[in-house]
Every structure is written in structure tokens, then in C-alpha cells.
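K.L.:
Now for the letters of each chain:
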Amino acid sequence: MNAENGFEVPLLRAVAWSLEPGILGTGGMLEISSGPPDASLVEPLLRRRLSALGKGMIHCAARASEGRGPLRAVFASRHGEPARALPMLEDMAAGLDISPTQFSMNVHNAVAGIWSIARKDPSAITALGAGAESFGWGLLEALALHQEDGGPVLFVFGDDALPGLLSESLPEPLHALALLLDGSATFRLRVDRDPESDAPYPASPQSLHALRALAGEAPGAWAGPRGAWTFRLL
Amino acid sequence: MVQDISPAEIKRFIVATLDLEDTKPEDIGDDEPLFADGLGLDSIDAFELGIALKKAYRLDLEGAAQASFAHHFRTPSTLAAFVTARQSQPAPELP
Numbered sequence: 001m002n003a004e005n006g007f008e009v010p011l012l013r014a015v016a017w018s019l020e021p022g023i024l025g026t027g028g029m030l031e032i033s034s035g036p037p038d039a040s041l042v043e044p045l046l047r048r049r050l051s052a053l054g055k056g057m058i059h060c061a062a063r064a065s066e067g068r069g070p071l072r073a074v075f076a077s078r079h080g081e082p083a084r085a086l087p088m089l090e091d092m093a094a095g096l097d098i099s100p101t102q103f104s105m106n107v108h109n110a111v112a113g114i115w116s117i118a119r120k121d122p123s124a125i126t127a128l129g130a131g132a133e134s135f136g137w138g139l140l141e142a143l144a145l146h147q148e149d150g151g152p153v154l155f156v157f158g159d160d161a162l163p164g165l166l167s168e169s170l171p172e173p174l175h176a177l178a179l180l181l182d183g184s185a186t187f188r189l190r191v192d193r194d195p196e197s198d199a200p201y202p203a204s205p206q207s208l209h210a211l212r213a214l215a216g217e218a219p220g221a222w223a224g225p226r227g228a229w230t231f232r233l234l
Numbered sequence: 001m002v003q004d005i006s007p008a009e010i011k012r013f014i015v016a017t018l019d020l021e022d023t024k025p026e027d028i029g030d031d032e033p034l035f036a037d038g039l040g041l042d043s044i045d046a047f048e049l050g051i052a053l054k055k056a057y058r059l060d061l062e063g064a065a066q067a068s069f070a071h072h073f074r075t076p077s078t079l080a081a082f083v084t085a086r087q088s089q090p091a092p093e094l095p
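Those protein sequence lines, which keep their order, are chains A and B.
As numbered in the working numbering, residues 1 to 234 make up the first sequence, in order.
As numbered in the working numbering, residues 1 to 95 make up the second sequence, in order.
Worth flagging that the hints you see were computed from the coordinates, not collected in a lab.
One or more hints might be untrue.
What the hints assert, rightly or not - Taking lysine to any residue pairs in the SDA-like style, the calculated list, with each CA pair at most 25 Å apart, reads:
no.	chain 1	residue 1	chain 2	residue 2
1	A	Lys120	A	His108
2	B	Lys54	A	Ala83
3	B	Lys54	A	Asp91
4	A	Lys120	A	Gly67
5	B	Lys24	A	Gln102
6	B	Lys24	B	Thr78
7	B	Lys54	A	Pro100
8	B	Lys24	B	Arg12
9	B	Lys54	A	Asn106
10	A	Lys120	A	Leu143
11	B	Lys55	A	Pro82
12	B	Lys55	A	Ile98
13	B	Lys55	B	Ser43
14	B	Lys54	A	Ala94
15	B	Lys54	A	Glu90
16	A	Lys120	B	Asp37
17	B	Lys24	B	Gly50
18	B	Lys24	A	Leu41
19	B	Lys55	A	Arg48
20	B	Lys55	B	Ala81
21	A	Lys120	A	Ser40
22	B	Lys54	B	Ala36
Claimed, not checked - Which residues of chain A face chain B? A partial, calculated answer using Cβ under 8 Å:
no.	residue
23	Pro44
24	Leu45
25	Asp97
26	Thr101
Even glycine gets a Cβ: it sits at the ideal position worked out from N, Cα and C.
Starting from the given sequences, assemble the full structure and let the hints guide the process.
P.N.:
Written out as C-alpha cells, the structure reads:
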């Protein structure tokens with residue numbers, strides 16, 4: 001594989017969360033947890049606006065950034081919060097006013113905004129979605145920010161199952177993760193991409209394959225419509 | 001046949017509509033300000049509450065001066081009086 005299509009991410013911490021246990025790997029550098037997420041960093045009046053996905057992302061972000069001051073961050077998600085979008089579309093179709101709360105929390109940077117408010121941290125945050133490859137491209141964005149000055153950058157990712165009307169065959173269990181990129185990192189995640197690959201698509205999200213690599217299991221190999229990705233913990 | 005809306009009913013509606021996880025309806029005073037220094041609700045909550053009340057009670061807002069909304073939404077008591085005056089269907093079942 002061409003070296004130009006790969007990059008290495010220096011990782012100081014990796015935290016993952018899923019509602020159901022047993023979805024994520026264990027071991028390696030990965031800290032995992034399951035069950036109700038802990039978003040106590042966010043005060044109750046703000047926290048009530050978060051979905052389980054939002055709370056899971058905050059849960060991981062808070063642990064990965066523990067003890068840190070101001071921190072730039074990239075938040076990525078493939079689907080965002082379609083469980084909010086669908087009822088709004090239904091209300092619009094019925095000629096009703098749409099819920100301002102659902103609307104404000106449905107934007108792709110909503111969780112990033114709550115995170116920034118809760119930490120009183122005005123550092124730059126990017127929120128992005130890049131289809132099935134949202135994890136990989138989000139991580140590259142975080143690496144690019146880190147390489148600007150070598151300082152720490154937090155990468156947060158999360159996705160949830162799609163509601164019935166929008167669901168497709170790809171199962172997407174509710175999960176979130178946060179990675180802290182820093183020059184002092186002891187671990188490096190090697191990411192290689194082969195855009196020419198015609199490997200068959202696996203039936204699970206890219207992020208879960210990367211987590212397997214972070215857990216020290218076999219390299220995570222994943223393929224989608226735009227090529228194949230390999231994640232290896234060095 | 002519509003009935004008077006009590007402040008207690010409004011408080012239950014507020015807690016249910018705005019997902020106030022850590023607040024019970026009886027914790028809110030009838031004359032406690034809902035916004036800012038009182039209960040701490042914000043402008044998104046005001047919008048949310050207005051739209052939810054309009055939908056649940058079919059409020060007839062024809063001729064209601066928008067400038068007066070800030071007054072009507074001040075406390076559970078003022079809001080109950082406003083909904084009572086403007087409702088055109090009976091109270092909904094709350095979860």
C-alpha cells in the first residue's frame with residue numbers, strides 16, 4: 001500500500017462507551033465502559049437536552065481529557081441525531097410547528113456546543129460527518145489540527161442506530177469514543193487507506209473496527225464504497 | 001367543555017415537556033419566576049413551552065399581543081391564567 005495513503009496518530013488516551021456491554025473490545029490502551037453514561041460534567045439544566053448518544057460522547061470526552069485545560073476538539077458522527085430529525089420532519093409534514101429544542105439539538109455541532117459550554121472552554125471545535133468513513137476522516141482532521149503546533153487535540157466520535165423509517169441493513173449499535181492526541185503519546189495508531197480496494201463491505205461501522213485495533217486485537221480492517229481502511233496499534 | 005387550568009397542571013406540563021430530570025412539579029412555586037434567576041429556563045424553553053402548550057390545548061392566539069407573552073410566561077400562575085383564557089380544548093392526558 002502506498003505510504004501517501006496512510007497516517008500515524010499519536011494517542012495518549014482512548015476511551016470507549018456503549019450502552020450494551022460486549023460490543024467493544026477490551027485491553028490494549030482502550031478504557032471501556034458500558035451502561036448509563038456519566039455526563040455529570042454538564043449541569044442538569046443543560047444535560048437534560050442531551051440524548052443517550054450525546055451523553056455517551058460527553059462521558060468519553062470527559063474521561064479522555066481528565067486533568068486537561070483548554071483543548072481543541074473534533075466531534076464526528078455519521079448520522080448525528082436522526083431520532084430527533086424524523087419527528088421534526090413528521091411534524092412539518094403535518095403542518096405543525098417543530099420543536100425548537102429538538103431543532104437546536106439536531107444540528108451536527110450540538111454536542112460539541114454543550115461540551116464547550118460545560119467546560120467553559122472557547123477553544124476551536126470542528127464538527128463533521130463524512131458518511132460511512134466519518135470516523136477515519138474525523139480522526140485525520142484531528143491529526144491535522146495536532147500537527148499545526150504539536151499541541152493536544154481531542155477527537156470524539158459517536159453514532160446510534162437509525163430509527164425505523166430510515167434504517168438500513170448496517171447495524172449501528174449505540175456507541176461513543178474519545179481519543180486524546182498528543183505529542184507525548186506512548187501509542188500510535190497507524191491508519192492506511194486503499195481507495196482502489198474492492199474488498200467486500202463488512203456489516204459493522206468503521207469505528208468498531210478501529211476500536212478493535214485500539215484494544216490490541218488484530219488490525220482492524222474495514223471497507224466501504226470508497227475503499228478499504230486498516231487500523232493498527234503500533 | 002373546557003376547565004380552568006391550575007398552576008399545578010402547568011407545572012406538571014413544564015416538567016414533562018422540558019425534561020426537567022431533577023425537578024418535581026411540587027418543587028416549583030406557583031409564583032416562582034420560570035426564567036433566568038427563578039427556575040432557570042432559557043429562551044429555547046420558552047419557545048418549546050409555547051409550541052407545546054399551543055399544540056396540547058389548541059390555544060387560540062388570535063389577537064394576543066406578542067409583547068405580552070413575556071408577562072404571561074413569567075410564573076406558573078400567570079401561565080395557567082393565560083392558558084385558561086386562550087384554550088379551546090380540554091387538558092391533555094399527561095404521562
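K.L.:
Now tell me, hint by hint, if it's right for this structure.
P.N.:
Status of the hints after comparison with the structure:
1. Lys120/A with His108/A: Judged against 25 Å, a Cα distance of about 20 Å means the pair holds.
2. Lys54/B with Ala83/A: Roughly 23 Å separates the two Cα atoms, so the pair holds.
3. Lys54/B with Asp91/A: Holds, because 14 Å separates the two Cα atoms, which is no more than 25 Å.
4. Lys120/A with Gly67/A: holds, 14 Å
5. Lys24/B with Gln102/A: holds, 22 Å
6. Lys24/B with Thr78/B: Holds. Lys24/B to Thr78/B sits at ~19 Å (cutoff 25 Å).
7. Lys54/B with Pro100/A: holds, 14 Å
8. Lys24/B with Arg12/B: holds, 8 Å
9. Lys54/B with Asn106/A: At roughly 22 Å apart (the allowed maximum being 25 Å), Asn106/A and Lys54/B satisfy the hint.
10. Lys120/A with Leu143/A: Within the cut-off at roughly 23 Å; holds.
11. Lys55/B with Pro82/A: holds, 23 Å
12. Lys55/B with Ile98/A: holds, 10 Å
13. Lys55/B with Ser43/B: Since the Cα atoms of Lys55/B and Ser43/B sit roughly 18 Å apart, the hinted pair holds (cutoff 25 Å).
14. Lys54/B with Ala94/A: Within the cut-off at roughly 15 Å; holds.
15. Lys54/B with Glu90/A: Holds: Lys54/B and Glu90/A sit about 17 Å apart, inside 25 Å.
16. Lys120/A with Asp37/B: holds, 20 Å
17. Lys24/B with Gly50/B: Given that 25 Å is the threshold and the Cα spacing comes to 20 Å, the pair holds.
18. Lys24/B with Leu41/A: holds, 22 Å
19. Lys55/B with Arg48/A: holds, 22 Å
20. Lys55/B with Ala81/B: This hinted pair holds, its Cα atoms lying about 17 Å apart.
21. Lys120/A with Ser40/A: Cα-Cα ~15 Å, so holds.
22. Lys54/B with Ala36/B: Roughly 23 Å between the alpha carbons, so the hint for Lys54/B and Ala36/B holds.
23. Pro44: Holds. Min distance 5 Å.
24. Leu45: holds, 5 Å
25. Asp97: This hint holds: Asp97/A lies near chain B, its Cβ roughly 5 Å from the closest one there, short of 8 Å.
26. Thr101: holds, 5 Å
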